[in-house]
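With the sequences and hints as input, model every part of the structure.
If you want the building blocks of each chain, they are given just below.
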Amino acid sequence: MATVTQTEGRPSAAALSQTAPAIELRGISKAFGAVQANKDISIRVERGTIHGIIGENGAGKSTLMSILYGFYKADAGDILIGGTKTDIPDSQAAIRAGIGMVFQHFKLVENFTVLENVVLGAEEGAFLRPSLAKARRLLVDLAREYELNVDPDAKIEDLGVGMQQRVEILKALYRQADILILDEPTGVLTPSEADHLFRILRGLRDEGKTIILITHKLREIMDVTDNVSVMRRGEMTATVKTAETSPTELAELMVGRKVLLRVDKTPAQPGPVVLKVENLRVTDENGVERLRSINLEVRAGEILGVAGVAGNGQSELLEVLGGITEATGTVTLNGHPLQLSGPESDGRSRRQAGIAHVPEDRHRLGLILDFTAWENTGFGYQDRPDYTNGALMNQHALRTDTEGKMERFDVRPANCWLHAKSFSGGNQQKIVLAREIERNPDLLLVGQPTRGVDIGAIEFIHQRLIELRDAGKAILLVSVELDEIFALSDRIAVIFDGRIMGERTPDQTDETELGMMMAGMDGKAR
Amino acid sequence: MDTMPRWADIALIPLINLALALLVSALVIAAIGENPAEAMGVMIRGAVGSAYGWGYTLYYATNFIFTGLAVAVAFHARLFNIGGEGQAALGGLGVALVCLMVPWPHWSLALPAAVIGGALFGAAWAAIPAWLQAKRGSHIVITTIMFNFIASALLVYLLVNVLKVPGSMAPETARFPEGARLPSAYDWGAWMGFGRSAPLNVAFFVALACCVLVWVLIWKTRLGYEIRAFGQSEPAAKYAGIRPVRIIMITMLVSGALAGLMAVNAVQGEAERLVIDSVQGAGFVGIAVALMGRSHPVGVLLAALLFGALYQGGAELEFEMPAISREMIVVIQALVILFTGALDNMVRGPVEGFFRRLRRGAA
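As given, the protein sequences belong to chains A and B, one line each in that order.
When we follow this note's numbering, the leftmost residue of the first sequence carries the number 58, and every step to the right adds one.
When we follow this note's numbering, the leftmost residue of the second sequence carries the number 204, and every step to the right adds one.
Note that these hints are calculated values from the structure, not bench results.
Cβ atoms here follow ideal geometry from the backbone N, Cα and C, with glycine treated the same way.
Among the hints, a few may not be true.
Stated by the list, open to error - What follows is a list of derived Cβ distance ranges for each label pair: (1) L546(B) to R232(A): 30 to 38 Å; (2) R339(B) to R256(A): 32 to 40 Å; (3) N497(A) to A356(B): 52 to 60 Å.
Written out as structure tokens, the structure reads:
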């Protein structure tokens, strides 16, 4: 595993900042109904710098960038691009102003090639051939200059997320973007892919491009940015030079109070085995073996962390245990075997057996985004007596329960009639967690519990998981964040290529050894 | 984030769509040298200007409520049931068998039996495409369209070879016995001015009851919750333990049953015998009704009334202004479907923009 490289201070950035800033926002405000998403925000982004924007979920970062990219119109305030006041009514205008955006969720045509995606919407003339040829030349140049190598003829659906993200960057560069906005770019990347991305971004900056990096990961901010602006509850609380600040200071600015970056917990008191997995195998529809003979145990009162680079089978493991994917092998819960295929292998029977599941992808699995919060509270438990009245849903009970959950889990805004899609990522995750944890399951499956979640909520979520463990429940945690694995797990199992490479306890191991195991090398061999 | 108030979405936009459709219709009528204002007057008076008109408008609307609800229910599970036509035709067969095979003493017994017969046959006809979709992944749009043709051929065969009255030239069943006759509007609504010829009958109230039942099903029951969840996201439904096969089957059975119920109105209530093509395109109109009604029972009811009025008004227009042919009326109906269904987004954009400016002005 590549380790994170440190950036040196860059004098050239300071020299360039004599000219007009690449972007200046003056007094930007934006309200959605009663919610003030952006309050009088002013910011200068100097040309040729990497400018980080950091803040909790729902702090208004994405809204601000959407205004800059023409998705929303600000209620008040001015946008200055390169010193001139510019009106950005839509994304076409943003592109003309030299702004390129790489979204958290990529906007690519899956069954088109890389080249076709790059050209899409920016074709010159009625025939594709000249544009494609031009794009191909550009791709070759960029690949050489910035390590932005992607096979131009590969189809998007065959590429990993890291590669897809590069295609998004290439799209922006093809449209001659001078200013590149990246929204949570590393959320879907492995650590080495993230390092690669940062090398690309530094290369682009050195060529004079301006980069805005929206993130809530302090380490990335410290690692790659020149300046950093902090947002809290719709306001810009500070803009500082990265070299002159510290992660602790930034974290305080973000949440407005001291944060515990480590979880306080007592040693685990493991009880009897709750989950026992033997010889578990999954073969996907293309005949590829996703899980090859997994064996593991989780005891009551402990957290087993499954570490691994995304795509090595941990998603399949969760989905098999959650009753979504079929498998072969033996899985027992409190000694009772679970059906791994057929009609009795579904989310409903798993829940009845005492398994709760916080899925890795809350948008795809955990929530119905067009349902209200209270409808989502019943999701997966729609047949429970406390939520039903015979064949009818007991809507009153659901709403009362949702209001209680929103209060206990500090979901904001605490309005059970809002649709799930109206909440920020962290609050969506709290809705899912409240639903699953409060069922008091024997086994909690939890995937990427804090993905896309801000620091304040991370702390909260971690404490809830520890509380559940201390209440004598078994937890199987899957996370690609090693920090999280170390902070929460009582035992760590490393998964690689559908196999468990080995098990460690957090105090016996370190990131280097786990990194080797995650890369498929036997950690014991060192 | 809602860019415009709910009432604008559910009322204003359909009304603008309708106004645009009528405007273009007026241009078409003017183009063939007739007076559009006069034509509109004839249509409106013909549809809702008299008890006679209402008798037909509500009769047609009853058909469209059944088929519209059928499409709407399926749509909540993101299943596009194009097979209302065939399901309603089979529903006709079920109703006819019920009415002909049992010597009903009174309509109050015959009606529930016919409801069951029509619903069962309609559901059965939807069951095969549903099964193919659920188990084999055969696309429901394709299979339900094919089943419309099969239904049509099957009914022709049955009416010509099996159910025809011996010695008769017409490919239709015998007239239903008196005990199976549903009270028409004349029987219970003569005081409102309905005449003997009004085809409107008690099936209208069955349709209204179905609106309420569908509303309860979709928005209040656990099954409706699961149908909507499945329609929103199949992977998430699986996560929640909702079985796709079960939801597809149940939804399509309910949908087919609702389409089949149309026969209680058209076959038992009006024709009082099963004839060839008893559905007369109502299955397809149901798609437009469901689209315009936003798949909500209240919307379906209102859209069905509108289309009922268009049908009846169109028939009057054809009668009163011979220059406006049958085809021209189909054009007007098609324009309404085009504007309310297909061109919905054309109006939506500007209206959303208007409300955004309005909100900014107020803020």
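Open item on the list: Run through the hints listed earlier and report the numbers of any the structure violates, in increasing order.
Closed with: Result: hint 2 breaks, nothing else.
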